[in-house]
Structures are given as structure tokens and as C-alpha cells.
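Peer 1: Read off the chains here:
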Amino acid sequence: MTRWAMVADLRRCVGCQTCTASCKHANATPPDVQWRRVLDLEVGEYPAVKRAFVPVGCMHCDDPPCMAVCPSTATRKRPDGIVTIDYDLCIGCSYCAVACPYQARYKTDLATFAYGKATAAEEKRFDPKRLAVATKCTFCVDRIDAGMAKGLKPGVDPEATPACVNACITQTMSFGDIEDPHSNVSQLLAENQFFRMHEELGTGPRFYYIWDKKEAEA
Amino acid sequence: MSFGPKPWHQTSWDFRAAFNFIFGGAGAGLLVIAAFSGLGGNSLRAEMLFAMALIGAGLVSVWFPIGRPLRAMNVGFNPFTSWMTRESFAAGAVFVLGLAAVWFGSTPLAQATAVAALVFAYCQGRILQAAKGIPAWRVPALGWLNFITALTEGAGLFVALSAVFGSPAKSVLAYFSLALIARGLAWSTYRGSIAKSAARPALTVLDRAGKVLVQFGTIAPLVLLLLGMLAADLSRIALPLAGIAALATGWQFKFMLITRAAYNQGFALPHLPVRGTR
Ligand code: SF4
Ligand code: SF4
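Residue numbers (numbering that gives the first Met the number 0), protein chains in the order written: chain A, 0 to 217; chain B, 0 to 277.
If we strip away everything but chain A, and leave its shape as in the complex, we get:
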């Protein structure tokens, strides 16, 4: 069974936000909405200060609290683990937004554009269905489905891979099937130490963060 997952190697990320920009481009999200964003964290006190850049977004949880609370069944989970939102069913109650422990959900009530008035490109890609409903990262599900229909492999063939992964300048982000032990993501996790955000909440996020080599090699 396929289970799509994202791996971010925190040692590589330089916080350039190219993934954020590529996501906005690929998904035509409005201003202030970043389905993929990169946190810029500063930890400690001078002189022992450390900085970390952390890509975040929807974790496509195994047991998504956003789905359990959704009263309209707009939020669902596909067999491959991707958590989806049906914009035609969603009532925009934002219950999912307070249920998500990863701050991954957005709701935009009014059409907004980068420069006030819509540019030609924004006008062309504007989707009224997305107004006043919940939105979030889709793992670029359309690219995955279209790519797979052509016999391509998500995570390997760029055409079938989430835009943020393709765009990353340092190969921080990797995408693939976590159930396949030979996949790129399984290999990365086998070779490195990783964690998942807020693991203690039992949501089973499908977003893995690599932070160091395996202990024996370290």
C-alpha cells in the first residue's frame, strides 16, 4: 500500500523560501496564505545561538484531528494518506483550523490579490470555490495523480512530484512512498536520525525531519 510522506533534512535548509514561492506559484494561493512555509527559528542566547529553518505545512496525519472534527465530511483522507478538502462541501466553520496542531489551515473570506487589483495571471487562476472555505497543502495531489496516470513516479519524476520538492535549491525536501523500503524517503530515514513534530499528540504526521546522522556514524 502506498503512503506518501515528506522528508525535510533540516541540516540542508538555508531558509531561502523557494519552496514557499513555488507552492504559491503552483497552487495560486492568495497573499498571506502559505501552504508551505519555512520557519526561521533562533534558539539559545548569545554566544550560544543556533538557527534552524523548518519547512512546515499540512503533515497529512495518519489520524488527522481536522478530519475527525469536520462536520461536513469535506475533509477526508485518501487510501494513499493524502488529506483532502472538498471545497464544495466545506461550510467554512474553521473547526478544522482549531483542531490542527500544526497551524496548517487557512480560510480566506474575500478575494485578495498581491497588488490590490488582480493581475492577468491572478485573474486567470482565481478560483471562487476556494473563498470562505478551508484550504491547506494538498501534497500537490493533482500533480501526483496526473503524473501517476502517465506512469511517472512521485518523488522521482519532477512532473509527478510536489512543487516545493522540485524547487528546493538544497534538496532539503524529499517526497516518496514511506511504505516502500527502497524509496528515497525510506532510505533517508534508514540512514539518519529524524523526528516528527508534536509526536506526543498521536496524530501520526507524515512529515519527517532529519536532524543528524545515525548514532553509530555520528
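I should point out that these hints are in silico values taken from the structure, not numbers from a laboratory.
Some hints here could point you the wrong way.
Listed next, the in silico DMTMM-like pairs over lysine to aspartate or glutamate satisfying Cα-Cα at most 25 Å (straight line) [as the list claims (entries may be wrong)]:
#  : chain 1 : residue 1 : chain 2 : residue 2
1  : B       : Lys195    : A       : Asp31
2  : A       : Lys128    : A       : Asp141
3  : A       : Lys152    : A       : Glu190
4  : B       : Lys5      : A       : Glu198
5  : A       : Lys23     : A       : Asp108
6  : B       : Lys5      : A       : Asp31
7  : B       : Lys195    : A       : Glu198
8  : A       : Lys76     : A       : Glu199
9  : A       : Lys23     : A       : Glu158
10 : B       : Lys5      : A       : Glu41
11 : B       : Lys5      : A       : Asp211
12 : B       : Lys5      : A       : Asp39
13 : B       : Lys195    : A       : Asp211
14 : B       : Lys195    : A       : Glu41
Every beta carbon over 10 Å from chain A, so not counted as near; a handful from chain B, in silico [what the hints assert, rightly or not]:
#  : residue
15 : Phe14
16 : Thr106
17 : Pro239
Backbone N, C-alpha and C define an ideal beta-carbon position, used for all residues, glycine too.
Take the given structure of chain A and dock chain B with the ligands to it, following the hints.
Peer 2: Chain B with the ligands in isolation, oriented as in the chain A frame:
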């Protein structure tokens, strides 16, 4: 916009969502006590209509901020896991049974309405508890506190109204006293259960709201009740005051809980990336 690792206040639900818990809880609590207080005839009808108006006001208030109000009926699509769907079903049962009880002047129907109101109040607590992104909400103790404060607020309202228009029965006052004590205990259990998980600013807000709940919403009404029982001539003032204090403090607590203490989980890294030297 900067997103640091520290929790920040949720921006999805505002005072309109709080009103659903405020009015809905009090309305449900009022239905419960009115139906089992021995009240009948037009007095029962009036109490029930008032209680249903409160619940209705809460639901209307939460209907405004939803993004797609014309699709509101979709709220009923997920009874399998969503407490919001279940709340909507319970509200439907309250209105159907309650209006029938008012129409026929039937006490058994009023009591059936009260059962639906209990379910409604319970669902409201579970709505908050299921919001996993808000540490101050997601504990089971809040579900119970929300449920018990609904009963207490309803009882306070009933006592206040009864004292204005007559004198409340002893059993009603006993129920009210028990509810007040139970709420005080529920608050302290709840406070204990969020001590480690809730964000510091959330705890500051909750401690302030909890202090009001204990001092003006538990101790003061109990003292007023005692005063009313000991000095009959004072009861016309003491009992309404006790009821209003119980109601108002419950409402302020819920308002603060939704609009000021709802800090999210933030982001947390259990390990920092190891780069260069270790
Ligand atoms: S990260 Fe949030 S929005 Fe995404 S599946 Fe998990 S709970 Fe739902
Ligand atoms: S905003 Fe939409 S997706 Fe989120 S819980 Fe409400 S109906 Fe479901």
C-alpha cells in the same frame, strides 16, 4: 507575518463562537432545571421558550461567521466522528421536542427536551475537547467543566427568575448549591490538567477568569444563598444576585476561554539540526 516556535492566539474563532457556548450552555441548563422543577402551565412554557431562544441566539451567532452560511445544512453530514454534527442533531431535538412541549403544555415532553438539552451541553464540551490544536481546550476536564457550568448557569438563571416572580423551591436551591460546588471542583480539576500543557499567557488569562469563577461564581452565590435562607426578607435580593453571579461568571469564563486563552500548539523541535561542529 512571523511564525516563531512560541504559541500564538488562534484567529479562527472569535466572540461569535464564544456566544454559542455562552447562550447555548445557559439555555440548555435552564431547560434542564425548568423541566424537572415541578413547574407547569404557562410558567414552564415561558421558561422553555426563553431557554430555546438562548440556544437559538447562540446558533445564529455562530452561523454568521461561517464562510458558507448557505451550506449550513452540511453541518449534519458527519455524526460518526464530529461533535459539531452531534451538537446540531441535539439542537434539532431540543427545538422539535421543546416546541411540542410548549404547544401541548406537556411535562413529559419538557423532560424529554431536557434530556436533549443535556446531550447538547455535553456535545458543546466535546467540541472544545476535540480541538487538538488548542492545548487549553483539548483536555477531558474542560468537557466536564463546560457541561457543569451550563447546568450551573441555567440553575442560576432559573433561581434569579423564580426569585423575582415568586420564591424558588428548596429542591431547586439545593440543586443550584450542588451545581455551584461541582463547578468549583470542575474548575480546579481542569486547572490541574492544563498546568503543564497550556501556554503561559493562556494560563494567566485562565487564572484570572478562574479566580472570578471561584470568588464571584462559587463562594459569593453560596454565601448569598445561605443569607437568603437565614433571613427571609433578604432572599428577594440575595437569590437573584446569587443566580446572576453564577450566570455572569460562567459567561465571562467561557468568553475568556474562547477569545483570550485559546493559544495554539506553536511549533517545537525536539532536536536542532547538527551542522558542522557538534
Ligand atoms: S497537519 Fe493539520 S490539516 Fe494536515 S492532516 Fe494534520 S491535522 Fe489535518
Ligand atoms: S472549515 Fe470546512 S473542512 Fe474545516 S471543519 Fe469546517 S467544514 Fe470541515
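Peer 1: Does each hint fit the structure? Answer for all of them.
Peer 2: Status of each hint after checking the structure:
Straight-line distance between C-alpha atoms of Lys195/B and Asp31/A comes to about 32 Å, which puts the hinted pair past the 25 Å bound. Simply put, Lys128/A and Asp141/A have alpha-carbon atoms about 16 Å apart, close enough for the 25 Å limit, and the pair holds. A distance of roughly 22 Å separates the Cα atoms of Lys152/A and Glu190/A; the hinted pair therefore holds under the 25 Å criterion. The hinted pair formed by Lys5/B and Glu198/A meets the criterion: a straight-line CA distance of about 17 Å does not exceed 25 Å.
A distance of roughly 18 Å separates the Cα atoms of Lys23/A and Asp108/A; the hinted pair therefore holds under the 25 Å criterion. For a cut-off of 25 Å, the pair hint linking Lys5/B to Asp31/A stands: about 19 Å separates their Cα positions. Under the criterion of a C-alpha separation no larger than 25 Å, the hint pairing Lys195/B with Glu198/A is consistent with the structure, at around 17 Å. For the suggested pair Lys76/A and Glu199/A, the alpha carbons sit about 21 Å apart, so the restraint of at most 25 Å is met.
Taken as a hint, the Lys23/A and Glu158/A pair is honoured in the structure, with Cα atoms around 17 Å apart against an allowance of 25 Å. Pair hint Lys5/B plus Glu41/A holds up; C-alpha atoms about 11 Å apart against a cutoff of 25 Å. Proximity of Lys5/B to Asp211/A is assessed by CA-CA distance (about 24 Å); at most 25 Å being required, the pair is judged to hold. As the CA atoms of Lys5/B and Asp39/A are separated by approximately 12 Å, the hinted pair is consistent with the 25 Å bound.
Under the criterion of a C-alpha separation no larger than 25 Å, the hint pairing Lys195/B with Asp211/A is inconsistent with the structure, at around 29 Å. A hinted pair counts as satisfied when its Cα atoms are at most 25 Å apart, and Lys195/B with Glu41/A qualifies at roughly 23 Å. With a minimum CB-CB distance of about 14 Å to chain A, Phe14/B clears the 10 Å threshold, and the non-interface call stands. Residue placement check: Thr106/B keeps its beta carbon more than 10 Å from all beta carbons of chain A (closest about 33 Å).
For Pro239/B, the condition that its CB be more than 10 Å from all CB atoms of chain A holds, with the nearest at approximately 36 Å.
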